[in-house]
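Using the hints, position chain B against chain A.
2 protein chains.
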Amino acid sequence: MATSTASSDESSRCMKDETPDSENALNLDSIRECLIRLEDTIVFSLIERAKFPFNSPAYDESSLGIPGFCGSLVQFIVKETETLHAKVGRYENPEEQPFFPDYLPPPLVYPHNYPQVLHPAAASININKTIWDMYFNQLLPLFTAKGDDGNYCTTAVCDLECLQVLSRRIHYGKFVAEVKFRDAPQDYGPAIRAQDRDALMKLLTFESVEEMVKRRVEKKAMVFGQEVNLKDKDDKGKYKVDPSIVSRLYGEWVMPLTKLVQVEYLLRRLD
Amino acid sequence: MATSTASSDESSRCMKDETPDSENALNLDSIRECLIRLEDTIVFSLIERAKFPFNSPAYDESSLGIPGFCGSLVQFIVKETETLHAKVGRYENPEEQPFFPDYLPPPLVYPHNYPQVLHPAAASININKTIWDMYFNQLLPLFTAKGDDGNYCTTAVCDLECLQVLSRRIHYGKFVAEVKFRDAPQDYGPAIRAQDRDALMKLLTFESVEEMVKRRVEKKAMVFGQEVNLKDKDDKGKYKVDPSIVSRLYGEWVMPLTKLVQVEYLLRRLD
Chain A
1 MATSTASSDE
11 SSRCMKDETP
21 DSENALNLDS
31 IRECLIRLED
41 TIVFSLIERA
51 KFPFNSPAYD
61 ESSLGIPGFC
71 GSLVQFIVKE
81 TETLHAKVGR
91 YENPEEQPFF
101 PDYLPPPLVY
111 PHNYPQVLHP
121 AAASININKT
131 IWDMYFNQLL
141 PLFTAKGDDG
151 NYCTTAVCDL
161 ECLQVLSRRI
171 HYGKFVAEVK
181 FRDAPQDYGP
191 AIRAQDRDAL
201 MKLLTFESVE
211 EMVKRRVEKK
221 AMVFGQEVNL
231 KDKDDKGKYK
241 VDPSIVSRLY
251 GEWVMPLTKL
261 VQVEYLLRRL
271 D
Chain B
1 MATSTASSDE
11 SSRCMKDETP
21 DSENALNLDS
31 IRECLIRLED
41 TIVFSLIERA
51 KFPFNSPAYD
61 ESSLGIPGFC
71 GSLVQFIVKE
81 TETLHAKVGR
91 YENPEEQPFF
101 PDYLPPPLVY
111 PHNYPQVLHP
121 AAASININKT
131 IWDMYFNQLL
141 PLFTAKGDDG
151 NYCTTAVCDL
161 ECLQVLSRRI
171 HYGKFVAEVK
181 FRDAPQDYGP
191 AIRAQDRDAL
201 MKLLTFESVE
211 EMVKRRVEKK
221 AMVFGQEVNL
231 KDKDDKGKYK
241 VDPSIVSRLY
251 GEWVMPLTKL
261 VQVEYLLRRL
271 D
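Chains A and B, in that order, give the protein sequences. With UniProt numbering, the residue at position 95 of the first sequence is 95, and numbering never jumps. With UniProt numbering, the residue at position 88 of the second sequence is 88, and numbering never jumps.
With the rest of the complex left out, here is chain A:
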């Protein structure tokens, strides 16, 4: 059994850009700090998106009418923003995965020297299609009001930000898996060689830690989503995004998908 007590969601890492190619770039504490910090960003981005109602025309694939583009407004914004960001090297960073990886232009700027700490197979793991479907079909209707206020462009930009941070958080699973593997190769090796997904998933699951993460993100939604005013007592109990939905987002999607990324990575770790 893996000796690490860190769960899939408490033991990720941040690329220490100061130390390229260093083995020390994989640091358990900095991974944990980074994942915890991403929780704040996820909550902020949901709160910003919740300013607007559902705004279904932003998702209508038949009505945009941009010459040469077939898809919805949100598809247009995400695809074109990714094209722009690819030009300045966003996807050279192993922490970033595009939603529309086909036909992205190469970077036009001199690439940053990111530390190479992952197995090369990491580059082929991208579950953004699953994240996209989860976000639009399951999550979005849960935390936005019904209705249409016409702010489709801003709405789509908020969606882009939610998608990007969820993708970054979930694909951190690659780094989580790498640090766990290095910590206990003897525990993971047999399951990897047997290509045993279930065994790997079991090694990566720490239910009590997952429960703690769910409670923490729920608390963050309460703190960051409250109405702050100058009265002694803030308006408790009124939140911009329902905290239980943020807990559910983590419990049903963010943590399971992070573990899926970890399993996919580990299955190829000895290739």
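Take these hints with a grain of salt, some might be off.
One copy or two, it doesn't matter: identical chains are merged, so the pair holds either way.
Derived lysine to aspartate or glutamate pairs resembling EDC-like cross-links, with alpha carbons at most 20 Å apart [as the list claims (entries may be wrong)]: (1) Lys79 <-> Glu161; (2) Lys79 <-> Asp271; (3) Lys240 <-> Glu33; (4) Lys231 <-> Glu210; (5) Lys202 <-> Glu252; (6) Lys51 <-> Glu161; (7) Lys87 <-> Glu61; (8) Lys51 <-> Glu95; (9) Lys238 <-> Glu33; (10) Lys51 <-> Asp29; (11) Lys202 <-> Asp187; (12) Lys51 <-> Glu96; (13) Lys219 <-> Glu95; (14) Lys146 <-> Asp60; (15) Lys146 <-> Asp242; (16) Lys238 <-> Asp29; (17) Lys129 <-> Asp102.
Since the hints were made in silico from the structure, they are not lab data. The model shown is predicted, which means the values in this text are computed figures rather than measured ones.
Here is chain B on its own, set in the frame of chain A:
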């Protein structure tokens, strides 16, 4: 003297998109609500930017090296993002002003029917150059750590978000001014006809309300910038962005620039 007790920073409005062309679209309460809500967005965006150090190469105008583009990475990201957003109609919204208004493409999508509540002169008021200079030369060094972590693309995207929300907040002055003028045309008329900037500025200044806004945004920086954990006591006194800097941002720049926009608008209100 103007009878409205609403200050420049407590009386703006939100475009009620449900009621295009309606005089009622200018609603004091919804303006106030919208400005207060934008405070949250401003604090969130500063917190997100503060994740990264200053990252000066993102602002170096000589080293980007993109063929056909002369400027810094942040200029490239802002300009190209505005070009993309213009295509989907962002700048048809009278609440939005681009930083690079020259050569923006026309919208490729059917325009949303925004309520026309402002005097047509509003369209010519854009102080984004001043906001740009304030942000990069004064504000940014105050709330980011010294250093360079190589995350230039993400840094520039965070800057874009800070710039966009500050611009939106400050240019709300147009709506604030319109609602104040409608509330008391007899008070503003003489100063407008005399083109008396100082008199207008005096009519628009409510020091006690400005002090309250500064205290509220400082409190928001404390609440939204704290480390949230599951201990009974959160880590009080450690904030991701110094709350006094957010107070100063409002006192020295956001509120004075909003009043500048109001004065510019009122000077043309009777044209």
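Quiz item: For which of the previously enumerated hints does the structure constitute a violation, in increasing order of number?
Solution: Per hint list: 2, 13 violated.
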